[in-house]
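Enquirer: Listed in order, the protein sequences are those of chains A and B.
At position 124 of the first sequence (counting the first as 1) the number is 123 in numbering that gives the first Met the number 0, and the numbers step up by one without a gap.
At position 35 of the second sequence (counting the first as 1) the number is 34 in numbering that gives the first Met the number 0, and the numbers step up by one without a gap.
Just to be clear, a hint being listed does not mean it is correct.
In the DSBU-like style, the derived pairs of lysine-lysine whose C-alpha atoms are separated by at most 30 angstroms in a straight line are [what the hints assert, rightly or not]: (1) B:K15 - B:K118; (2) A:K116 - B:K24; (3) B:K201 - A:K275; (4) B:K15 - A:K116.
Keep in mind the hints are simulated off the structure, nothing from the lab.
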Amino acid sequence: MNDSNETVTAPMLSVKSLSVAFKSSHGLLTVVNDVSFDVPRNSVMALVGESGSGKSVTALGVAGLVPYVGGVVTGGEVLFDGSDLLKMRASEVNAIRGRDIGFIFQDPMSSLNPAFKVGEQIAEVVRRHRKVTRKQAWARAVEMLDRVGIASAATRANEYPHLFSGGMRQRVMIALALACDPALLIADEPTTALDVTVQARVLEILKDLQSINGMSVLFITHDLGVVADIADDVTVLYAAEVVEQASVRELFASPSHPYSAALLDTMPQVALATGKPVASIPGIVAQAHAWPDGCRFNPRCAHSVDGPCTTDAIELQSVGTGLSRCVRAHELREQLSKSGLQGGKSS
Amino acid sequence: MTGRTLTVSDLSVTFKVPTGPFTRKPLHAVDRVSFEIAPGETLGLVGESGSGKSTAGQAILQLNKPSSGKIQFGDDDLAQLSKRQMRAMRRNIQVVFQDPYSSLNPSMRILQLLEEPLKLHESLDADVRRERVFETLEMVGLRRSLAERYPHEFSGGQRQRIAIARAIISNPELVICDEPVSALDVSTQSQIINLMRDIQDKIGTSYLFIGHDLAVVRLMSTRTAVMYLGQIVETGPSAEVYERPTHPYTAALNSAIPVPDPELQRSRQRIVLSGDQPSPLDPPSGCRFRTRCPFAMEICAEVEPPDFPIPGGGVSRCHLHVEGPKLGGESVMQLIGKQDAL
Numbered sequence: 000m001n002d003s004n005e006t007v008t009a010p011m012l013s014v015k016s017l018s019v020a021f022k023s024s025h026g027l028l029t030v031v032n033d034v035s036f037d038v039p040r041n042s043v044m045a046l047v048g049e050s051g052s053g054k055s056v057t058a059l060g061v062a063g064l065v066p067y068v069g070g071v072v073t074g075g076e077v078l079f080d081g082s083d084l085l086k087m088r089a090s091e092v093n094a095i096r097g098r099d100i101g102f103i104f105q106d107p108m109s110s111l112n113p114a115f116k117v118g119e120q121i122a123e124v125v126r127r128h129r130k131v132t133r134k135q136a137w138a139r140a141v142e143m144l145d146r147v148g149i150a151s152a153a154t155r156a157n158e159y160p161h162l163f164s165g166g167m168r169q170r171v172m173i174a175l176a177l178a179c180d181p182a183l184l185i186a187d188e189p190t191t192a193l194d195v196t197v198q199a200r201v202l203e204i205l206k207d208l209q210s211i212n213g214m215s216v217l218f219i220t221h222d223l224g225v226v227a228d229i230a231d232d233v234t235v236l237y238a239a240e241v242v243e244q245a246s247v248r249e250l251f252a253s254p255s256h257p258y259s260a261a262l263l264d265t266m267p268q269v270a271l272a273t274g275k276p277v278a279s280i281p282g283i284v285a286q287a288h289a290w291p292d293g294c295r296f297n298p299r300c301a302h303s304v305d306g307p308c309t310t311d312a313i314e315l316q317s318v319g320t321g322l323s324r325c326v327r328a329h330e331l332r333e334q335l336s337k338s339g340l341q342g343g344k345s346s
Numbered sequence: 000m001t002g003r004t005l006t007v008s009d010l011s012v013t014f015k016v017p018t019g020p021f022t023r024k025p026l027h028a029v030d031r032v033s034f035e036i037a038p039g040e041t042l043g044l045v046g047e048s049g050s051g052k053s054t055a056g057q058a059i060l061q062l063n064k065p066s067s068g069k070i071q072f073g074d075d076d077l078a079q080l081s082k083r084q085m086r087a088m089r090r091n092i093q094v095v096f097q098d099p100y101s102s103l104n105p106s107m108r109i110l111q112l113l114e115e116p117l118k119l120h121e122s123l124d125a126d127v128r129r130e131r132v133f134e135t136l137e138m139v140g141l142r143r144s145l146a147e148r149y150p151h152e153f154s155g156g157q158r159q160r161i162a163i164a165r166a167i168i169s170n171p172e173l174v175i176c177d178e179p180v181s182a183l184d185v186s187t188q189s190q191i192i193n194l195m196r197d198i199q200d201k202i203g204t205s206y207l208f209i210g211h212d213l214a215v216v217r218l219m220s221t222r223t224a225v226m227y228l229g230q231i232v233e234t235g236p237s238a239e240v241y242e243r244p245t246h247p248y249t250a251a252l253n254s255a256i257p258v259p260d261p262e263l264q265r266s267r268q269r270i271v272l273s274g275d276q277p278s279p280l281d282p283p284s285g286c287r288f289r290t291r292c293p294f295a296m297e298i299c300a301e302v303e304p305p306d307f308p309i310p311g312g313g314v315s316r317c318h319l320h321v322e323g324p325k326l327g328g329e330s331v332m333q334l335i336g337k338q339d340a341l
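Make a model of the complete structure from these sequences and hints.
Expert: Shown next as C-alpha cells:
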C-alpha cells in the first residue's frame with residue numbers, strides 16, 4: 000500500500016543532474032550541465048531560455064533522442080514515473096514514446112509527413128500503441144481532430160497536410176501527440192512559429208486538454224508571456240545551467256536571479272504597462288566554447304561584483320520557495336522584485 | 000536635413016496565382032491601402048502572416064510592382080519612375096529585412112558590405128569612404144576593428160546591427176523595416192529597438208516599421224496601421240490603437256498578446272478568434288473580418304464598412320461605429336462587458 004501511495008505523489012517526470020555534450024572543433028562541449036527539475040503530476044513546468052541555453056537539448060535528453068542528433072548524455076537520470084529512461088533498452092523507450100510521452104515540436108511545417116493523409120498519421124500512432132482495429136483508430140483520429148478545433152474533422156482527416164495552414168498543422172500535431180492519452184507531454188516551442196492570435200487559440204486548447212486529461216506538461220519556450228499564461232512552475236536556463244527555479248507567481252512577483260529579472264524587463268509589454276523605457280541586456284548570449292569564469296551571466300549582469308561573481312562557479316541556493324544560482328540573491332531580493340509588471344505596479 | 004513625406008494612396012498589389020493547369024486567379028495581396036509617413040515619423044504596419052504588410056513595404060521599394068495606386072515621395076511618384084531613376088532613389092529609401100542570416104552576403108567582409116551603398120550612390124575617396132564605414136559601425140554599437148570580419152562571425156543581433164548600418168550609411172530619408180526584430184532573441188530584441196530609436200533621433204530618418212507584435216510596433220511607432228487580408232482596418236495614434244482599439248480585429252490582436260503577470264493573464268477578458276483566416280484568393284464579401292468577428296451583424300456580409308473617423312484622430316473600418324451598437328469611436332472592448340451582462 001505504502002508503495003503505491005508513493006508512486007501517485009511522486010512527480011511524473013524527474014530529471015536529475017542531466018548533462019549532455021556534443022563533439023565539436025572546440026572539443027567536447029557541454030551544452031546541458033547538471034540540470035535537475037521535476038514535472039509534478041497534472042501540472043505544467045515551463046523551461047525558459049534563449050537560443051543556446053540548452054532548453055531544446057534538455058527536451059531531447061528527456062526523450063532519449065540525444066544520440067540521434069549526435070550528442071552524448073554524459074550523466075544524470077531521467078525518471079519517468081519512477082523508472083530511468085536512460086537505462087532502458089531502446090525497444091522499451093520506443094514503446095513509451097508516443098504512448099505515455101507525447102511530443103510537439105516547434106515547426107509544424109516539417110513535423111508532418113506530406114505524403115500521408117492527416118487522419119492516417121494520427122491513426123498510425125494509435126494503432127502502433129493500442130490494440131485497436133483500423134476503424135477504431137480512424138475514429139480516434141477524427142475525434143482528436145475535433146477536440147483540437149478542426150472544423151468538419153471527418154472530412155479534413157482525409158486531406159493531406161499541405162491543405163492545412165500553420166496554425167491548423169500545429170493543432171494536428173497536438174491531436175497526434177495526445178491521441179494515446181499520454182501521461183506526459185513535451186512541447187518544444189509549440190507556438191513560436193505561429194501568429195499571436197493563433198498562438199492564443201493553441202494555448203487555450205492545450206490548457207483545456209491538460210486540465211481534462213490531467214496530464215503533466217514540460218513546456219519549452221523563450222517567451223515569458225506564454226509562461227505567464229500556461230505554466231505552474233518555471234525553470235530558467237542560461238548558458239546550459241539552471242539559474243532559477245520557482246513557481247510562476249513567485250518568478251513574476253519577485254525573481255531571484257538577475258537574468259530572470261532582466262528577461263522580465265526586456266518584454267515590450269512591461270515597458271508599455273509601466274511607462275519605463277524598454278530595457279535590454281547588454282552583450283550577447285554566452286557561447287558553449289567560452290563560458291565565462293565564475294557566474295556564466297556575470298559579463299552581462301548589472302549586479303556583478305568582481306570576486307564573488309567572477310572567480311568560482313556558483314551553486315544553486317534556496318531563495319524563498321525556489322532556487323537561484325546567484326551569490327547575491329539574498330541581498331538583491333528587494334531590488335530584483337521591482338522588475339517586470341509587478342514591480343511597476345507596486346512602485 | 001529636410002525629408003520628404005511619403006504618401007501612399009489606394010495602393011493595390013495583385014498577383015496572378017495558378018489555380019489549375021490553365022487557370023489563374025487574381026490574388027489581391029494589398030487592396031486599396033492608403034497611408035502617409037511624415038519626415039522623422041514612424042508608422043507601424045501590423046498584421047498577421049498573409050495580411051499583406053510585407054508586400055505593401057516591398058511595393059514602396061518597387062520590389063513588387065503595384066497594380067494600381069500612387070506612391071508619392073516628395074514630388075516623385077515611385078510607381079512611375081524608370082529603373083534607373085528608382086535605383087538613384089534607393090539612396091533615400093533603404094530597407095532592413097527580417098532575417099539577418101540571409102540578408103548579408105556571406106562572402107563579403109563587413110567593410111565591403113557597408114561600402115557598397117556608398118560606391119553606388121556617392122563618389123568618395125577610398126579613405127573618406129572607409130572612415131564613413133567606421134563611423135557608421137560605431138553608431139550601431141560595433142567596434143571599427145570588426146570591419147574586416149565576415150557575417151558568419153557575428154550573432155543574430157550583431158548581424159541585424161550590420162544590416163541597419165548598411166541601411167543608414169547613405170543617410171536615407173526613409174527606412175522600410177520589415178520585421179527587423181522578429182528573428183532575434185528576446186534579450187537582443189530590445190537592444191535593436193533602442194538602437195533604431197537612437198538613430199532616428201540622430202539622423203531624423205522616417206521609418207515604416209512592419210511587425211506582427213502589436214506591443215513592439217507600439218513601442219517603435221508614433222502612428223499604427225492594422226492590416227487584415229490586404230486591407231487597413233484601423234489607423235490612429237499608436238497609444239490609441241493599442242489602449243483603446245476600435246476595430247474588433249485590433250482588439251483581438253491586442254488581447255492575444257499575453258500579459259506578463261500570471262494572475263492578470265488568467266483572469267482578464269479576451270477575444271480569442273475562432274476559425275481560420277480565409278483564403279485571400281476568395282475573401283469574404285462585405286467586411287473581410289466578419290467570418291471571425293464575434294460581433295458580426297447582417298450588414299457586415301453585404302456592405303464593405305466605410306472609413307469611420309475616430310475622435311483621437313484615427314480611422315476605423317467597422318460597421319459597429321455606424322450601425323448596431325453604434326460605438327461612435329469608442330473602444331470595442333466595452334462590447335465584451337455588454338455581452339457578458341446579457
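Enquirer: Work down the list of hints and note, for each, if the structure agrees.
Expert: Against the structure, the hints:
{"no.": "1", "hint": "B:K15 - B:K118", "in the structure": "violated, 37 angstroms"}
{"no.": "2", "hint": "A:K116 - B:K24", "in the structure": "holds, 27 angstroms"}
{"no.": "3", "hint": "B:K201 - A:K275", "in the structure": "holds, 21 angstroms"}
{"no.": "4", "hint": "B:K15 - A:K116", "in the structure": "holds, 29 angstroms"}
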